[in-house]
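Construct all of the structure, not just a fragment, from the sequences and the given hints.
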Amino acid sequence: MMRARLSIAALAAVTLAGCSPRTAPRATEPPARPAASAAAPTGTDYDPELLRTLSILATRREPPSDELAATRRALASGQLAIAGYIERLVASKEFAASVAPLVILRHMLSEDALAAPSRFVLSRTEGDRPIYYLGDKPCKPAQTVRVHPWWDLDHEVSICSEAYRPAQWMAERPKGEAPMDCLSALAAFQQNGGHPCGCGPNLIRCFASPDQSHAAANSLRDELRGTVGYVVEHDLPVERAFTSNETFRDRTAEFVQRIGKIEIEREANPEPVLRELASWPAEGQWAPRPELAPGQHAGILTSPMMLYNLPDRRQRMSIIYDPLWCAEPDSVGATPEALISITNGNLQFDSAGWHQLAAKPLCTNCHARLDYGMQFFWGYPNGNLQGFFVPATQQKGKGPLYVRDIDDPRGEAELNPHGFAELAVAQPEFRACMARDFAAYALGDRMTREQLAAVEAEARPNATSARALMHRALLEVVASWSGRPPAASAAAAPAPAEPGRDIPIAPAQARQLDAHCLDCHDGNQARVDLSAPTLSRATMIAMLADVAFGRMPKNAALPQAERRSFVDAFIPAVWSGADADAARSYFADGMVALPAYRPEVVLDLVHASGRAAPPWRMLEAFVRSDLQQVTPGLAAISSVAAIEACHAEQGKSQAEIDRCIANAIRIANLASNPH
Amino acid sequence: MLEGRACAASLSRPRFYLQIIPSGGVDAVFGADPKTVRDVERGIDVPYPAKDIVTTREAPLGPAFAALRPWMSRIAIVNSFRQNSANHQSGLVHSTCCRSISVPGTPTLLDVLGARRTDEAVGAITIGTAFAAAFSPKYLGEPTTVQFGDRPGLLDHLDKLDPHELGVAASAMRREAASLAATSSQSSVTASNLRETAALFERWAASPRFAPPAWPFKYEDDYKAGRDLERALWLMENRLARCVTVSLTGQDFDTHVWNSIWQPRLSGYLASLLDRLFHELGQRKVDGKPLSEQTVVFVGSEIGRFPRLNAADGKDHFPQVSYLFFGPWFAAGRTYGGTDRQMVARPISLRTGKPEAGGHTLAVDDIGTTLLRLDGANPEVYGYTGSHLGFLTDS
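Same order as they appear, the protein sequences are chains A and B.
The numbering of the first sequence is this note's numbering, which starts it at 1 and goes up by one.
The numbering of the second sequence is this note's numbering, which starts it at 676 and goes up by one.
I should point out that these hints are in silico values taken from the structure, not numbers from a laboratory.
Keep in mind the model is a prediction, meaning the values are calculated, not measured.
Do not take every clue at face value.
[Said to hold, decoys possible] Straight-line C-alpha distance at most 25 Å; calculated BS3-like pairs for lysine-lysine:
1) K360/A / K137/A
2) K137/A / K835/B
3) K261/A / K396/A
4) K652/A / K835/B
What follows is the structure in structure tokens.
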């Protein structure tokens, strides 16, 4: 099923033996920057730190030093070209299995969903004949029943009859409240007045322990990881990960799939269906998903972790658009007056008045995308009330899709998830997002617009190769290795304006505005006009903050070096002396540290012994790749992980542990380019 | 009126800052902005009778804030700041930056204030945040378990480590910091971050173990917010951090469903936590002075709640938030600002803080500007151009 693993050492050996790469490099070789030592006549002697970085970025592992040395020699002798080396790296199993899913899905791989899997976790009494129960207290033995649980169909367990309830499917909320199914995020936590739910037939809604629940969540995350991994390993268009009926699922993920059908069909005896799972490969397989209505499935978009990450349809769309178009929630400009004027105050769960929201100024910037998008997924109700597909609710006919706002329609498709997905991945925003993901992962905040454009040029409509994107991104790393940000030009600094006075725009500043701002801010009455000969102090300070921290230029934040040049040009016009120094430190430096590997990669490097890092609860894994940097937090996590990793091997003396810690804490394990 | 409080101008700048974010969005009508049915338009939800409003000598409180009655002479309430967003993520960025136009990656207000510390190990630590939007270039901390997983976070890991090995790690970080050539601001910032983290490890190793007493409140077992506030106190007492942000309750204040059930419970829990916190600040000392004399505490959600109920007996999002301020710098014992019959904030006089036609519309930027000035900084050089709330600091 999976292709045989080809290690990096083997790749180097194959290349040294004179074999050419499996496929020719897609990218043009960039000009190499030789190390200071003499280069071989026909090759290039690359900085070993660069080669190490390329390998880590592409495989999430520290390359052995002999492998690195062999690669370096091959490159120096001309037997191996850098593009060929990178081609081999991105063809590796590690890239498909560990790196590409991380690049595309980012935080989704470590996130818990609010409504999947089921929130019911049983407690049990101690002893040889435990009693399973829900709630605070167990029942008496006389109040139990014997049931074959889904996790062990050949044996019976005792469970309180109140926690079983095999014929109850609805939570039955008080009159006036929305109906709630037992398989839903809220059923396990419903408030007074509702009808309590049980585990259902074969206890399908319950887990025997928190560990079993956590394992199921891992399986659902593995469905995301495995699906992208399968697509990349087979060099299929990455679009397939979002559109295919099939996903890569292990047995538990398949069990979760099947529960939904059992719930909608109110299947009183699901045991035969559950028994079929025994033949499902425990490690998972690429397999189709049955459809209860046409177009029900769309790659990872209809995996439980995506569908039920958040409790309602609209929030679900914000989850879906993140990996799909790199669109993030933004409701800047919302005012109390604007919201209170929306007559239907039933916005979140009923999504009533959505047409109004989707067209309302400001609101439209998100809600045209969210609210028209959620019509395609209507067959999947709000997860807080119903955690499975309901075919009768799926909409009929075709519907439109919008990107930026209500004035940006992008065509129509059948109103189902598959229709949505096919239309969504055909948009240029999809290719731009994939390119940004790979470029940002490899280049961090040093990514320039030109580099991003070069990576994006590798994307093909409905034929985007993750390997090609990564290949180009790594070539850009090579081309920019050791490159220094250009120093700001030493133009004569204008004298700062007096507080309260408007600030005249000097020629150097006008050039910056012309280059980066005036496309949009040139006399457009809907926006701040930056083309005027003077700007107010407040406008200039707001502009500095917007540019310094990447809010502007909109959707095209400047790379660090250009941001610095921009703000350096304006600061002397606003402040002098210590204030100018403080402003420069804040706006130009921005407290920004060196770009870092993603934290998942950092933990892999620290735990290089092969033992997996213990699970962490951390914010850093939820942060975009272009914001990853050596923060105090990442430095602390890396150092703590180093201490823990050095304790993982038994029998070390304290002196050996101390040496191990000191060796494991390295800036090279944090910063993707420490120079 | 200003009993127990010296003039702000005669006080030294705050030593510590504690920002508390009741995560998900507090419904102000239950606490900071109580109303009667007569005060509001039809359809605006006032889910308690007028007799339940808590009267104090200083200002009325919503029924859920009854536990704060003893502290009213030392609290200032401001209704309501616009935070320029109707979603949690951008609302959180605006709230932590105290700037109504900001994006993830912008230094938070507490990052800026933390960089102005005297001898605390690190500038700012963040506990319990619910969204990645809280990430900033100086981020250090651990998020909530909701969606981030019920696994140990950084602070949990640090608690378990051997002090000697923390020292070894600190030495290694200092070595690596020294190895970084100061060729760019990013290199310099990185070296500084490594030294800052090394200082944290060293001081953590020298500090008494974190052994928080239980806070005996209903819901404490569910949320452990008392434990997180104990952590904040411990960090300040041991001079580990100048600034701490604590986000409370995961995201359970986000009551799109069953608002009338959950908000009173959670706001009541919040009030009990603050009651205990303010008491503890008076008991704990740093350099011989109670923390209550050295600490600014400010409390506000990342988003507010829509004034009308939805069909699920819940309330959706609303882009304005009430704040509580505690500390000797504030003109306490009063409620400032106000909301109209639709519970939309009214403009105020910057001199009195009272509603005034044509006056100033409060925004979170004003909090940033005011606290930076309190700290002796020029807010403008950090991009803060909000209004200084002179009525709040009596200056």
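Quick rundown of the hints versus the structure:
1. K360/A / K137/A: 51 Å, violated
2. K137/A / K835/B: Judged against 25 Å, a Cα distance of about 33 Å means the pair is violated.
3. K261/A / K396/A: Holds, at about 21 Å.
4. K652/A / K835/B: Holds: K652/A and K835/B sit about 19 Å apart, inside 25 Å.
Hints 1 and 2 from the list above are not met by this structure, while the remaining hints are.
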